[in-house]
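S.K.: Sequence:
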Amino acid sequence: MKSGDSTTINVQDGATPKGKGPVPEAPLPSPGGWKKGAAIFDFVLRLGAMVSALAAAAAMGTSDQTLPFFTQFFQFQASYDDLPTFQFFVVAMAIVAGYLVLSLPFSIVCIVRPHSVGPRLLLLVLDTVALTLATAAGAAAAAIVYLAHNGNPNTNWLAICQQFGDFCQKVSGAVVASFVSVVALVTLVVVSAIALRRG
Numbered sequence: 001m002k003s004g005d006s007t008t009i010n011v012q013d014g015a016t017p018k019g020k021g022p023v024p025e026a027p028l029p030s031p032g033g034w035k036k037g038a039a040i041f042d043f044v045l046r047l048g049a050m051v052s053a054l055a056a057a058a059a060m061g062t063s064d065q066t067l068p069f070f071t072q073f074f075q076f077q078a079s080y081d082d083l084p085t086f087q088f089f090v091v092a093m094a095i096v097a098g099y100l101v102l103s104l105p106f107s108i109v110c111i112v113r114p115h116s117v118g119p120r121l122l123l124l125v126l127d128t129v130a131l132t133l134a135t136a137a138g139a140a141a142a143a144i145v146y147l148a149h150n151g152n153p154n155t156n157w158l159a160i161c162q163q164f165g166d167f168c169q170k171v172s173g174a175v176v177a178s179f180v181s182v183v184a185l186v187t188l189v190v191v192s193a194i195a196l197r198r199g
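Position one of the sequence shown corresponds to residue 1 (full-length UniProt numbering), numbered consecutively onward.
Think of the hints as simulated: they come from the structure by calculation, not from any bench.
Keep in mind that the hints are not guaranteed to be accurate.
To be verified - In silico lysine to aspartate or glutamate, EDC-like type, Cα no more than 16 angstroms apart, as pairs:
#, residue 1, residue 2
1, Lys170, Asp81
2, Lys36, Asp166
3, Lys170, Asp82
Note that this is a predicted model, so its numbers are computed, not measured.
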């Protein structure tokens, strides 16, 4: 009887550490895995925003059309550098694209070290500045594109897109690409804020 009691006590003592072992290990990998996944998503989204910003700047910078009916002294031409708003758009989107290229190493650091707060906080601040610049450039250019398509009869501003169809198509595509980069930057800011909040 005494020997049987001792074996049952030994079995219970051996069963308790086995049951306690896996319990604290289960939740540990999940925070790091979530942060690493968010950092990888940040990097991919950053690449997409960079491509769309470059496409917007390139499309606007190459928008130029000359109508076929012209003489030696008089011709009809439309170009992005005729409007200061479009010039600002090209410069602003080029700056945003350049910033996104320079931010890629910091995004890689966030992938390698998902729990680091410094690089992610820096990206959050700079992404907000880039978002403001891209939004201002896209909104200003969108107003001019709207006038080019519809005109304004109250101020006698004529719609020019019926004559300069290729020019309007390029500048409209550039504005759309700029708003794609704006949406990507908004998502980057939100992802960084959530990652910092849960950190």
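S.K.: Is Lys170 within 16 angstroms of Asp81, Cα to Cα?
M.R.: holds (14 angstroms)
S.K.: Quickly compare the C-alpha distance for Lys36 and Asp166 to 16 angstroms and report which way the hint goes.
M.R.: It is violated: about 44 angstroms lies between the C-alpha atoms, which goes past 16 angstroms.
S.K.: For the pair supplied as a hint, Lys170 and Asp82, is the alpha-carbon distance within the 16 angstroms limit?
M.R.: Holds, because 15 angstroms separates the two Cα atoms, which is no more than 16 angstroms.
Hint check: a violation occurs at hint 2 only; the rest are consistent with the structure.
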